[in-house]
Structure formats: structure tokens, C-alpha cells
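Undergrad: What follows is each chain in one-letter form.
There are 2 protein chains.
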Amino acid sequence: MGRDQGDGLVAIAGRIGVVTSVALNLAVFAFYLRGAGDKEAGKKVKKAAAVAPSSGKPPVCADSIINLDHGDPTMFEAFWRGPMGERATVVIPGWQTMSYFSDVGNLCWFLEPGLEREVRRLHRLVGNAAAEGYHVLVGTGSMQLFQAALYALAPPGGAAAPISIVSPAPFYSSYPAVTDFLKSGLYRWAGDANAFEGDEYIELVCSPSNPDGGIREAVLKSKSGKAIHDLAYYWPQYTPITHMLAHDIMLFTVSKCTGHAGTRIGWALVKDREVAQKMNKYLELNTIGVSKDSQLRAAKILETVADGYERQPAGATGDASLLFHYAQRQMMQRWRALRAAVTASGIFSLPDEVAGFCTFAKDTVTANPAFAWLRCDKEGVDDLEGFLREHKIITRSGTRFGADPKVVRVSMVDTDEAFSIFVDRLAAMK
Amino acid sequence: MGRDQGDGLVAIAGRIGVVTSVALNLAVFAFYLRGAGDKEAGKKVKKAAAVAPSSGKPPVCADSIINLDHGDPTMFEAFWRGPMGERATVVIPGWQTMSYFSDVGNLCWFLEPGLEREVRRLHRLVGNAAAEGYHVLVGTGSMQLFQAALYALAPPGGAAAPISIVSPAPFYSSYPAVTDFLKSGLYRWAGDANAFEGDEYIELVCSPSNPDGGIREAVLKSKSGKAIHDLAYYWPQYTPITHMLAHDIMLFTVSKCTGHAGTRIGWALVKDREVAQKMNKYLELNTIGVSKDSQLRAAKILETVADGYERQPAGATGDASLLFHYAQRQMMQRWRALRAAVTASGIFSLPDEVAGFCTFAKDTVTANPAFAWLRCDKEGVDDLEGFLREHKIITRSGTRFGADPKVVRVSMVDTDEAFSIFVDRLAAMK
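Here the protein sequences come in this chain order: A and B. Going by this note's numbering, 359 is the number at position 359 of the first sequence; the sequence numbering is gapless. Going by this note's numbering, 363 is the number at position 363 of the second sequence; the sequence numbering is gapless.
Be a bit skeptical, because a hint or two may be false.
Where chains are identical, the list cannot tell them apart; a pair therefore holds if satisfied intra-copy or between any two copies.
[What the hints assert, rightly or not] In silico DSSO-like links for lysine-lysine, alpha-carbon gap of 30 Å or less: (1) Lys-278 x Lys-392; (2) Lys-223 x Lys-406; (3) Lys-378 x Lys-430; (4) Lys-183 x Lys-271; (5) Lys-378 x Lys-183; (6) Lys-183 x Lys-278; (7) Lys-430 x Lys-221.
Derived from the structure by calculation, the hints contain no laboratory data. Just so it is clear, the structure is predicted and the values come from calculations on it, not from any experiment.
Please model the complete structure; the sequences and the hints are all you need to start from.
TA: Below, the structure written as C-alpha cells:
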């Protein structure tokens with residue numbers, strides 16, 4: 001792949017760099033793959049069309065663009081191609097689950113009973129969150145549930161001003177974009193929680209934190225303030241499970257738990273019945289419920305994970321039947337490789353490694369966040385995202401997270417091939 | 001089922017009658033099933049739990065509450081339990097479609113290529129809409145795409161005032177609720193298009209019309225106005241296909257086409273690339289794409305429908321392999337039964353029957369709308385929804401559609417059992 005295309009990519013990146021979008025870098029990536037109108041376009045399109053059936057992304061090789069912008073959890077595919085994969089297969093006949101309804105007796109009437117059962121079972125197994133006494137809601141990914149929670153917690157319309165939505169910086173880059181894109185009169189992004197003054201707010205608490213992996217608690221303490229706990233990464237592969245959390249609203253997603261991002265299934269544990277009802281109303285109005293096919297599949301996947309621990313399936317040796325142990329080992333190896341590359345390079349730094357006693361692993365383990373919060377202090381590198389892009393590594397700039405441009409967020413959960421090329425390139429940068 | 005419970009239901013209905021919700025009547029229904037705290041509660045819960053795996057709704061018997069509020073298309077289940085059903089089975093192994101991405105080279109990067117192919121193929125087969133030269137977008141049902149279209153067509157933020165969203169009355173009851181629930185600064189519900197004055201608007205054109213089945217065209221003609229065509233019911237079982245439509249934005253859903261509401265898959269055909277990109281951005285921000293499992297299933301279902309016409313599958317006789325012919329025959333029989341019941345009763349009326357030459361059926365056929373727009377002119381019946389509710393028939397009041405309370409919308413696509421009990425009860429009302 002020639003130097004011209006590298007330049008082209010940078011130019012494109014600069015051109016659309018002013019747009020804020022969840023998929024900003026994806027757009028760049030796709031635009032680039034489509035050839036951006038240059039002579040190579042035809043070849044590029046053909047290459048992009050030759051996608052693996054499970055990911056839609058073309059395979060990478062040593063000189064490929066490596067896209068680590070999204071936390072696309074394809075690293076877990078290897079586990080599901082192992083002995084547990086077949087157990088997680090779903091078969092859906094043509095006549096099944098045609099109705100809008102899953103259980104008219106449930107507050108969340110479109111929630112498949114099997115999914116609710118497996119969600120509760122998984123939390124009992126892992127011990128990361130209290131599910132008993134909570135309402136379970138299903139969403140099209142946890143970001144839809146995040147919006148449902150904003151809708152439910154915001155004072156009803158007619159209030160003088162939209163309520164302020166805050167999160168301590170660095171905060172997940174989607175929070176401001178998703179909060180504000182419809183210019184709702186109910187709520188409005190108000191930035192860094194640490195800089196917020198006032199008593200009326202909704203604080204978004206992402207723990208472990210996307211982007212930096214830190215364990216967070218609400219920083220604001222007003223009695224009238226409210227909190228939404230985004231616990232997408234509170235699973236044993238990413239961090240020691242130190243407490244069974246029991247917050248008012250807790251959000252999870254199969255995407256980060258098992259790696260099935262494409263199923264778009266998240267769930268919320270909600271303590272208060274009225275809040276759960278209002279969140280459910282959001283889900284009704286926004287999408288009239290949630291894909292049943294994905295719910296059936298997510299239920300099967302979670303069942304397989306729990307069975308791996310509780311029923312010792314035949315034919316699986318080592319940690320091949322133990323998703324969290326397998327994934328924790330993989331993540332640990334990746335973090336070791338990344339720290340070695342950072343040391344070899346000498347121009348980067350990472351947050352300090354932290355460890356704690358994990359009640360699930362029953363051992364002291366290190367945290368292995370799903371993202372690396374990578375900083376570069378080399379003189380002349382004022383825009384780390386742009387610098388890495390020149391090396392054909394696509395990451396997300398700290399500026400998107402309320403931080404500075406000398407830091408980027410890098411996905412740690414992409415394929416082995418992509419990750420390996422990334423650390424090799426990183427180690428070689430001086 | 002005792003008279004007390006009947007009274008209880010009416011009382012509950014009255015109590016929550018002030019709330020506006022897509023699932024208003026569902027809430028009543030579910031609340032009732034849960035027993036509303038009375039002595040029968042235990043029994044009711046058990047009954048509700050014994051749901052059919054495919055619908056989540058309890059079976060009905062002669063004295064059941066019949067819920068025809070939603071257009072829950074369960075009537076098509078019988079077709080999919082026939083010889084074509086097995087062909088439509090999907091098998092999804094544990095490792096498949098884990099990534100967020102389906103095709104990074106496509107504007108709609110989360111659209112499964114197989115679904116796009118089958119959508120285009122189906123439109124070629126049916127001839128109801130031009131797909132060539134259009135972008136295909138997938139949504140979590142067509143209502144998510146409706147919101148995406150509002151977002152894409154509204155002037156970008158910073159404009160003086162939200163753009164007016166209008167639709168000629170009677171309009172689909174979800175339009176105002178879905179347009180306004182987040183109090184967006186981009187757009188605002190402005191009611192009946194026929195009463196609208198001004199040049200800046202987005203008109204929602206639902207054809208055939210939900211609720212009344214009429215064929216509609218945009219009523220407003222300003223050059224600067226925009227239109228969204230909601231064609232959920234423009235399929236041969238509901239109405240003769242008289243034209244291949246080619247509007248700027250056309251919305252469809254598998255829910256009404258094949259009966260698979262639970263898959264939550266809709267699609268949009270969009271002429272303009274920039275509009276398609278902006279709609280896609282909505283889908284990224286709202287739900288980071290759309291369930292791949294449901295997309296794979298929808299692709300398989302649409303493939304099976306087209307194969308039924310184009311590949312004459314073995315083992316299927318009559319119209320058992322021809323979804324639209326089968327469904328058209330069923331709908332025609334239901335409409336005959338309904339018109340007979342209305343005649344027998346003497347207190348109701350329906351819109352006149354209309355017919356036209358269907359280019360798909362190559363014959364003159366009557367329209368058989370998915371909803372009956374039922375009017376009652378009996379003296380003393382000022383609230384038809386309430387009147388029918390006393391007869392344990394749940395419908396949706398005309399007031400929700402910008403019409404009067406002497407009319408209701410009744411689903412014509414529920415199960416055979418529910419429909420049959422409904423017409424029997426209706427015929428007996430004097």
C-alpha cells in the first residue's frame with residue numbers, strides 16, 4: 001500500500017475532522033476502503049467486499065490500516081469457535097416469535113422470559129451486580145437504555161430548562177453526542193461533572209471507565225441529583241469484581257460481556273418501578289421493543305456462559321469452557337504485550353496497572369481494561385490521533401472524551417491479527 | 001370470567017385513560033392479566049405465564065378480553081407453520097456476526113448484505129416501489145427509520161424554530177407521540193396537514209393509511225416542503241399494487257409484509273445520498289446499528305417469500321408457497337366476515353370497499369386494510385373505545401388519530417381465534 005494512500009487518508013481525516021459522530025473514524029475507514037475516488041477505487045471496493053461472514057471487516061495484513069477506534073469485541077470470536085460455540089447455536093423456525101409481545105404480564109412486555117432468567121443467573125454467578133429486587137429491561141444495546149434512562153429521569157416536559165447531564169472527564173465520547181443530537185428540551189449535555197455547580201443534574205458514572213479503565217463512583221453528591229451507572233465493562237475479564245453493586249440504574253451489554261456486539265442486546269437493572277416504566281415507555285416509542293431473535297440468541301449465549309461454569313461441559317479442557325477465565329487470560333496477555341511495546345518505544349505512557357481481589361476469580365488479579373488510554377509526550381506530537389493515523393492506526397482522540405489531544409483511546413478487544421500489528425508498529429515508533 | 005372483572009377492567013381503563021402511550025391499552029391488558037391486586041391475581045398470573053412460545057400472548061376463549069389495539073400480525077403465523085416455514089429457519093452459530101460491522105464499504109455499514117439483496121429482490125418481484133438507484137437503510141422497525149428521517153430532513157440545529165411535522169387526519173396515532181416525546185428542538189408535531197399553513201414542513205404520508213386504509217398522496221404542495229412516505233401496508237395482501245412508487249424516502253417493515261413484528265426489522269429506500277447518510281447517523285447514535293440476528297432472519301424470510309414465487313418449491317400446493325396470495329385470501333375472508341357482522345349488528349359502519357387493478361396479482365382486487373376504521377352512530381355511544389371495552393374488546397379510539405371518539409381502529413391481523421370472537425361479539429351488539 002503506497003505512501004499516496006497514506007497521505008490521502010490523513011487528508012480525508014483532516015477534512016471530516018470537524019464532524020462529531022460515533023462512527024467518525026469508521027466513516028474515514030470506509031471512505032478509504034471505497035478508494036475515495038482515486039484510481040485504486042475498484043480494487044479497494046473488491047477488497048472490502050471480500051469480508052469475513054462474521055464481522056464485515058476485511059482481514060488485515062502487515063501494512064493494513066488498523067482500526068482500533070471502536071471497541072469492536074471481535075477478539076472473543078476465538079472462544080466461540082471453540083467447544084462452547086456449538087452449544088450457543090440458535091435455531092429459529094419461520095413461525096417463531098412473530099408477535100410484538102414476549103410476556104404481556106411483564107412491565108417490559110417485549111422482554112423474552114428466557115433472557116431475563118439468564119441475565120439474573122449470570123449476575124448471581126459473577127456477583128457483579130444485585131439483580132434480585134430489580135426490574136430487568138432489555139434494549140437495543142446499552143446506549144438505547146442510556147437514552148431511556150435520560151428520558152425517565154429528566155423532569156417531565158414543561159420544566160423551565162433541560163436538566164444537565166454530566167460525567168467526570170475523561171468521559172465516554174458518545175455521551176455528549178447521544179445526549180444532544182436531537183436537541184431535546186428534556187436534557188442537555190453539561191460536560192465534566194467535576195466542573196459542575198448545582199443540585200439538579202444526572203451524572204453518568206461509567207465504571208470501569210470508558211476510556212481510561214478507572215473504577216469510578218459518582219463525584220457529585222447532591223441529594224436531588226441522580227446517577228446512571230454504565231457498567232458495560234464490569235466483568236471479570238476487564239477488572240477484578242470487588243463489590244456486588246446495587247445502584248438505582250445499572251446498564252450492561254452482551255457486546256462487552258461475551259463479545260456479541262452485533263446482537264445489539266443490552267439490559268438495565270432498575271430499582272424503582274416508576275423509573276423502569278418510564279424507561280420502558282421510551283423503548284416502546286423509540287423502537288416498539290427490541291429484536292426477539294437477538295434476545296433469544298443472547299439468552300442462549302448467556303446460558304452457555306453460565307453452563308460453562310456450573311455444568312462442566314464434556315470435551316472442554318483448560319479454560320475453553322470458562323469464558324471469563326479465557327478472556328481474562330487473553331486480555332492479560334494483550335496488556336503485557338502493549339506495556340512491552342510502550343517500553344520499547346519510549347515515547348508513550350499508559351495509566352498505572354491496578355490490581356484487586358476478585359470475588360469471582362477468588363484471587364488477586366490485575367485490571368485489563370477494554371481500552372488503552374495511551375499518551376504520547378514526544379515533542380512535536382500535539383495531535384496523537386493524527387500521528388498514529390500517519391502510521392495507519394486509527395484511534396479516537398482524547399479531545400472527544402473531554403481530555404487533551406496528546407492522548408487517545410485504543411481498543412484492546414479487536415482481532416489477534418489487528419492487535420499484533422498494532423503493538424509491533426507501536427514498539428517501532430521512536 | 002365474572003362480571004366483577006369486567007367492571008374492574010373498565011375502571012382501570014378509565015383510571016389510566018388520560019395517559020398517552022403507544023402501549024396504553026396493552027398496559028390495561030397486562031394490568032388486568034396480573035389481576036389488579038384482586039383475589040384472582042394468582043390464577044391470572046399463572047394463566048399469563050402459560051404463553052405460546054411464539055407470541056407471549058395467552059390463548060383466547062369465548063369470554064376472553066380480545067386485544068385488537070395493536071396491529072400485531074400474528075395471523076400470518078399459520079402460513080409460516082406451513083411448508084414454507086422450514087425453509088425460513090435460520091441457524092446462527094455462537095461465533096457468527098459478533099462485530100458491530102456488516103459491510104464497512106457500505107454507507108449503511110451495519111446492513112447485512114444478504115438483507116439488502118433480498119429487499120431489492122422483493123421490490124422487483126412485487127413492483128410496489130423502485131429500489132434501483134436508491135440507498136437501502138435498515139432500522140429497528142420502520143418507526144426508528146421514521147425518526148431517522150425526521151432527524152435527516154429537519155434543518156440542522158441553530159434554526160430559529162423546530163420544523164412542523166404534519167399528516168392529514170386521521171393520522172397514525174404514533175406520529176404525534178413519537179415526534180414529540182423527547183421535545184426535540186429540531187422538529188415538532190403540528191397536527192393535521194389539511195389545516196396547516198406555511199411552506200416549511202415535513203408531511204408524513206401513510207399509504208395505505210393507518211388507520212383507515214385509504215390510498216394517500218401528499219396533501220401539501222410547497223416546493224420547500226418535504227415528505228416521508230410510510231408504505232408499511234403497501235403490499236398485495238392489503239391493497240392492489242397500482243403503481244411502482246418512487247418517492248424520496250419510502251419506509252417499509254417486515255412486520256406488516258410477512259408478519260414478523262418481533263424481528264423489529266424495517267427498511268428505508270432513500271433517493272438522496274446525503275439524506276441517507278444523515279439517517280444513518282441517527283441510527284448510529286440511537287442504537288449503534290441494528291440487530292444482525294434479526295437482519296439474517298429477515299433476509300431468510302424475504303428470500304423464502306421470493307423463492308415461493310420464483311422457484312416453485314416442491315411440496316407446496318395451492319397458495320401455501322405464495323405468501324401474498326395466501327395472505328390476500330385470508331384478509332379478504334376476514335373483511336367479508338367483518339362486513340357481515342357489521343350488517344348483522346346494524347349499529348356500525350365501515351369505509352366503503354374499494355378495488356383496483358393489481359399489477360402484481362394481474363387482476364382487479366379489493367383492498368383489505370390491516371385495520372378496520374369502525375364507526376358507531378348509535379345514540380348514547382359517544383365513546384366507542386369505551387363501549388367496546390365494556391364488551392371486552394380493546395381497540396384504539398379515533399381521538400388518538402386526530403378523529404372523533406365515535407370511531408375506533410381495530411386490528412384485522414390478529415389470530416384467527418381472536419378475530420373470530422371479535423366478529424361474533426360485534427354481530428351481537430344492537
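Undergrad: Run every hint past the structure and note whether it holds.
TA: Tested hints:
For the homomeric pair Lys-278 and Lys-392, the shortest alpha-carbon distance between copies (27 Å) is at most 30 Å, but the shortest distance inside one copy (45 Å) is not. For the homomeric pair Lys-223 and Lys-406, neither the shortest alpha-carbon distance inside one copy (37 Å) nor that between copies (49 Å) is at most 30 Å. In this assembly of identical chains, the alpha carbons of Lys-378 and Lys-430 lie at most 30 Å apart only when taken from the same copy (9 Å versus 86 Å across copies). Within a single copy, Lys-183 and Lys-271 get their C-alpha atoms as close as 28 Å, and across copies as close as 26 Å, so both meet the 30 Å cut-off.
In this assembly of identical chains, the alpha carbons of Lys-378 and Lys-183 never lie at most 30 Å apart, being 39 Å within a copy and 47 Å across copies at closest. With identical chains, the CA atoms of Lys-183 and Lys-278 are at most 30 Å apart both within one copy (20 Å) and between copies (15 Å). In this homomeric assembly, Lys-430 and Lys-221 never come within 30 Å of each other (Cα to Cα): the closest approach is 44 Å inside a single copy and 63 Å across copies.
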